[in-house]
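Protein chains: 2
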Amino acid sequence: MTLRKIKLTIAYDGSDYHGWQKQPGQKTIQGLLTEAVKKLTGSNIEIAGASRTDAGVSALGQAASLEIDSRIPAKNFPKAINDKLPRDIIVTDAEQMPPDFDIIKAVKTKLYRYSVYNGKKRPVLHIKHCWHIPAKLDISSMETAAKHLLGKKDFKSFAAAADKRKTTIRTIFRCDITYENQWLYFDVEGDGFLYNMVRNIVGTLVDVGRGRIKPDNIEKILKAKDRTAAGQLAPGQGLCLMWIKYD
Amino acid sequence: MTLRKIKLTIAYDGSDYHGWQKQPGQKTIQGLLTEAVKKLTGSNIEIAGASRTDAGVSALGQAASLEIDSRIPAKNFPKAINDKLPRDIIVTDAEQMPPDFDIIKAVKTKLYRYSVYNGKKRPVLHIKHCWHIPAKLDISSMETAAKHLLGKKDFKSFAAAADKRKTTIRTIFRCDITYENQWLYFDVEGDGFLYNMVRNIVGTLVDVGRGRIKPDNIEKILKAKDRTAAGQLAPGQGLCLMWIKYD
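If you read the protein sequences in the order shown, they are chains A and B. At position 121 of the first sequence the residue is numbered 432 (our numbering), and the sequence of numbers has no breaks. At position 157 of the second sequence the residue is numbered 468 (our numbering), and the sequence of numbers has no breaks.
Don't take every hint at face value.
Put simply, identical chains are the same to the list, so a pair is met inside one copy or across any two.
[To be verified] Okay, derived cross-link-like pairs now, SDA-like style, lysine to any residue, Cα gap no bigger than 20 Å in a straight line:
#1 Lys349 <-> Arg398
#2 Lys534 <-> Leu314
#3 Lys432 <-> Trp554
#4 Lys416 <-> Asp487
#5 Lys318 <-> Leu351
#6 Lys477 <-> Ser426
#7 Lys463 <-> Gly503
#8 Lys458 <-> Gln493
#9 Lys458 <-> Asp487
#10 Lys431 <-> Gly372
#11 Lys431 <-> Gly522
#12 Lys447 <-> Leu505
#13 Lys318 <-> Lys416
#14 Lys350 <-> Arg363
For the record, the hints were derived by calculation from the structure and aren't laboratory data.
Make the full structure from the sequences, and use the hints.
In structure tokens:
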């Protein structure tokens with residue numbers, strides 16, 4: 312038996328799911344993928360994900376890997392698995408990797424996009440994919456604040472207390488804010504993210520936009536290395552994992 | 312007691328609902344609105360809708376009316392009701408009408424938009440609001456076919472057999488097809504629609520686009536006055552009631 316390592320690229324509408332991670336009795340992306348692969352191969356195969364997206368969070372470019380004892384060519388995988396997945400989850404790509412490929416360690420950068428609807432009326436057709444903030448936001452203050460987040464820093468203040476990873480140092484390459492027709496998009500690219508980090512960054516920037524936090528206080532918040540120093544947690548449904556780049 | 316007649320404009324994401332119409336044991340828009348009004352007024356008030364949208368169908372401009380024994384000014388209604396509605400239903404407007412106003416009879420025209428995604432990959436983030444057709448569609452044939460639907464005609468062939476209305480004659484003012492970045496939008500405006508009429512029109516036009524029905528056969532289909540003469544029924548989730556114009 313020769314096991315082949317396959318890397319999958321996966322897109323999903325997270326609004327009906329309890330996040331990526333398999334949990335007993337809950338509808339999760341990892342859980343449904345595992346079931347789909349079982350239907351296809353007959354075996355219970357462990358699927359390792361690159362990002363543990365939370366409940367309500369969507370993805371266009373999640374990545375996952377699995378080891379498989381099958382002769383199906385990698386390029387035939389997506390269609391074969393998609394036939395066994397609900398319509399709001401799709402495997403968009405599959406490729407064979409070297410046996411020592413590690414879906415988490417090999418990540419170079421990831422891009423998350425957070426969408427805020429800043430119009431007055433509740434955007435019902437998009438409400439499961441955005442955070443609706445009818446209040447006025449000072450975008451230029453938010454942009455000033457966002458610049459303080461760029462670079463290699465200790466992001467402990469922006470991590471959920473539950474995050475038990477050894478180091479809280481991460482590098483943020485990009486934290487751009489785009490305004491388009493009452494929609495605000497926060498594009499955050501980094502070499503990795505702590506638990507809830509993007510949602511804490513967006514929530515804090517929104518607090519800056521509402522005048523609750525001064526843009527220059529971001530430095531102080533980072534130095535505090537304490538979650539309570541930062542602003543509110545943005546709700547999960549506005550977040551989408553856009554892509555993950557590998558070496 | 313003086314009853315006032317109030318007209319509501321309502322928007323909703325229909326993807327989690329069993330359509331507009333109240334049904335025992337089912338989550339419906341009319342049902343949830345009735346509950347919200349009951350929480351607000353303490354009474355079970357009948358809410359009359361202008362359009363019976365099907366399961367999965369969304370709306371940006373549904374209309375409904377109710378008679379109410381309350382002094383709340385009409386302009387305060389939306390916020391008061393919205394506080395009692397789930398986030399995917401919203402009352403966007405309310406106005407007081409003369410006592411003899413009839414929410415169905417007073418309709419002048421309605422516009423429905425049907426969205427088709429014509430790209431290869433399943434559009435997971437939009438899959439609950441479109442019909443995904445990866446196959447090639449001949450848009451110019453569809454446009455030719457659409458022109459045959461304009462005007463005052465008997466649309467019996469495009470009505471579900473279950474439709475028991477007296478006359479099947481309706482006037483279609485517009486049946487436009489717009490193509491934008493792999494998205495196809497069908498905008499159908501008429502003075503009224505039979506049960507499943509827009510979905511049968513779109514399904515038939517898609518059959519034309521795929522070469523299964525010739526564009527000039529539309530005249531023959533209309534003359535047949537028989538549902539089986541027309542093409543397939545487009546799925547509900549691609550449909551959205553955009554607005555209703557009143558006299």
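So, going through the hints one by one against the coordinates:
no.: 1; hint: Lys349 <-> Arg398; verdict: within (18 Å within a copy, 36 Å between copies)
no.: 2; hint: Lys534 <-> Leu314; verdict: neither (47 Å within a copy, 62 Å between copies)
no.: 3; hint: Lys432 <-> Trp554; verdict: between (30 Å within a copy, 16 Å between copies)
no.: 4; hint: Lys416 <-> Asp487; verdict: neither (25 Å within a copy, 51 Å between copies)
no.: 5; hint: Lys318 <-> Leu351; verdict: within (16 Å within a copy, 53 Å between copies)
no.: 6; hint: Lys477 <-> Ser426; verdict: neither (30 Å within a copy, 48 Å between copies)
no.: 7; hint: Lys463 <-> Gly503; verdict: within (11 Å within a copy, 61 Å between copies)
no.: 8; hint: Lys458 <-> Gln493; verdict: neither (22 Å within a copy, 36 Å between copies)
no.: 9; hint: Lys458 <-> Asp487; verdict: within (9 Å within a copy, 46 Å between copies)
no.: 10; hint: Lys431 <-> Gly372; verdict: between (31 Å within a copy, 16 Å between copies)
no.: 11; hint: Lys431 <-> Gly522; verdict: within (19 Å within a copy, 45 Å between copies)
no.: 12; hint: Lys447 <-> Leu505; verdict: neither (29 Å within a copy, 44 Å between copies)
no.: 13; hint: Lys318 <-> Lys416; verdict: within (13 Å within a copy, 58 Å between copies)
no.: 14; hint: Lys350 <-> Arg363; verdict: neither (23 Å within a copy, 39 Å between copies)
In the structure shown, a violation is registered for the earlier hints numbered 2, 4, 6, 8, 12 and 14, in ascending order.
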